[in-house]
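A.B. asks: Residues per chain are reported as follows:
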Amino acid sequence: MIEAMPTFYLFVLAALGAALLPKGSMRAALLLLVPVLAALQIWSLPEGNLYQVELLGQQLELMRVDKLSRVFGLIFCIAAFLGNLYAWHIKDTVQQIAAVLYSGSAIGAVFAGDLVTLFFYWEGTAIASVFLIWARRTEGAYHTGMRYLIIQITSGVILLAGTALLYRETGSIAFEQMTLGSLATWLIFLSFGMKCAFPFLHNWLQDSYPAATITGTVILSAFTTKLAVYALARGFAGTEMLIYIGAVMTLFPIFFAEIENDLRRVLAYSLNNQLGFMVVGIGVGTEMALNGTASHAFAHILYKALLFMSVGAVLLRTGTSKASELGGLCRTMPRTALFCLIGAASISAFPLFSGFVTKSLIMDETANEHYPIIWAILVFASAGVLSHSGIKIPYFTFFGHDSGLRPKEAPWNMQLAMGITAFLCIFIGVYPDPLYALLPYDVVYKPYTTNHVIAQLQLLCFALLAFAVLMRSGIHPPEIRAVNLDVDWIYRRLIPKLYRPIAALIGLIWTALSEAALKNLGQFQNLLYRWHSPETGMARVRPTGAMVIWVAILLAVTLIASYF
Amino acid sequence: MDKNHPEDTSGYSPLAKLFVWFATPANANKIFAALIALCLLLFLSDFTYKKYGHFPIEKIPGFYGAYGFIMFTALILAAKTLRLFIKRDEAYYGEKSVDREEYPADQLEMGQHND
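So the protein sequences, as listed, match chains A and B.
Residue 564 is where the first sequence ends in my numbering, and the numbering goes up by one at each step.
Residue 115 is where the second sequence ends in my numbering, and the numbering goes up by one at each step.
Any given hint could be a false lead.
Pairs of lysine to aspartate or glutamate residues, derived as EDC-like cross-links and limited to a Cα-Cα distance of at most 20 Å, are as follows [claimed, not checked]: (1) B/Lys50 with A/Glu479; (2) B/Lys80 with A/Glu479; (3) A/Lys23 with B/Asp106.
Bear in mind the hints are in silico, worked out from the structure with no lab data behind them.
Go ahead and model the full structure; you've got the sequences and the hints to work with.
C.D. replies: Written out as structure tokens, the structure reads:
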């Protein structure tokens, strides 16, 4: 039974179940059970196109299982499980149903064998996920959610337009490898790029993730962008432009992350930077590079969730995630601090942690394929990752200046979720073979060579040394309460600013026109008045007596006339 | 923290006590010295094995260390400069923007260590 059904249906059933069950541990347990069942199903399914439906004469492929979709499907199940465990204490039905439908849609999209099915799930992730932002229930979150939703839905609409054009061109809606060229493929590429946070299309990410609820951000961080990475890997592997786009993506967020105060936004920038590595891998497009992208997405979902979880736990206990207000929390939240350090070491790619065995696949392959500048950028970006995710997040939260805050340790379910995630980060780092076995192609790579380990340690330790020197000399920029402008300024400030004069101009024209119309109306009124007003002959009311006199006169005249 | 009055850590867990040692300003110099020693060791170890790499520059001893140190410093300085241009008041996008608002208190579970 379970084999025959698209994985998404499991999540729909769970959403229905969650709506019917009372709030509490029964419902929370159901939300934990579903990703486990889904993972078992994905694990046991054979490869191939397993489930079709007819829609308007088109055959839709709902379950295309191969090694690429399987590895993404599995990590999405793990992320859903960990996210729901982290959110065990949540009693908010909206968030729970949104989370289960969101993760289900993302998994559905991964197994979509055609672009129409992909479109449905693509929009499904958009609609379900916005409720994780709105669930904060503040005016700010409402507006941010709206901006998020507009961009996500637009991405879907562009995907649909591209699909329609592609169908007209080729007569097929199959979701296969594409080459950029026609308007259709460019539209699909753009749609993927919006969700993947390409430069200039990225800002929905940093705008919305810090606005979501504590648990919502953890869940958001896993799916949307990695779904886009999957879609790019499936549709545009080997597209050289992606190498350059990816390199820019690794680069620019590290500067913004460095001076950002809200730690959840720092992590959103950092997420953007990590996506860059994956996009470079897709652009290089060799088997090893695609292995690198898939494995890095896998490892990244875990350590990024772990970092969001630790900052979320701090937010839950202190009410803030701003670096300027935090510091010294290792005293009373030591386990959260430890988990955060493990996440930080993983994202920074310290040997024995997950990032080390996955990122290097991509970096190695850019060197193998002779992209020296891209390689140099990626090495620089790796040092940049250390600066904001490796150092800034743990240092300014748990160490550094003592803020005097002495909050309670995180709740048990959050600690358990962080503990499992941290374990997986280390497990992958120490023993990468099971992950390598899941990858789309055979892995012929040994991450633990003297050369690689020493090189990476040198890079990271000297960067740490630079941090220490800059802190001691007071050059390192302090954490201050502020916002930093980014591309969202264009649609949050510039466009409203531009349309204000335009609106004023339209207002002026309207006033002039209506005044002229009123003036003409006045003249018309005067004309009417002249003819019909009480003073004019037309409107005079004559007394009945006058009429009688006139009748008498007329009769008299007639009488007199008759005598002649 | 005053060097002569070490922090009272009696209520903390062993892990927290370990962390506090690292967070204590009095120990900063020791940590810094250890980090320098570690970096020196890593640099020297470059002479002990045969280096290979895709690019000739990777074979220079200490290349990764120098690159890491220089680029990290450059990153911080560039970010600091960037801040001059893009920093705005927290209320720039309005008093009711997410940056400005408090996280809703009914969704928090704040509590003190000793509760």
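A.B. asks: Each hint needs a verdict: does it hold in this structure or not?
C.D. replies: Tested hints:
no., hint, verdict
1, B/Lys50 with A/Glu479, "violated (43 Å)"
2, B/Lys80 with A/Glu479, "holds (11 Å)"
3, A/Lys23 with B/Asp106, "holds (17 Å)"
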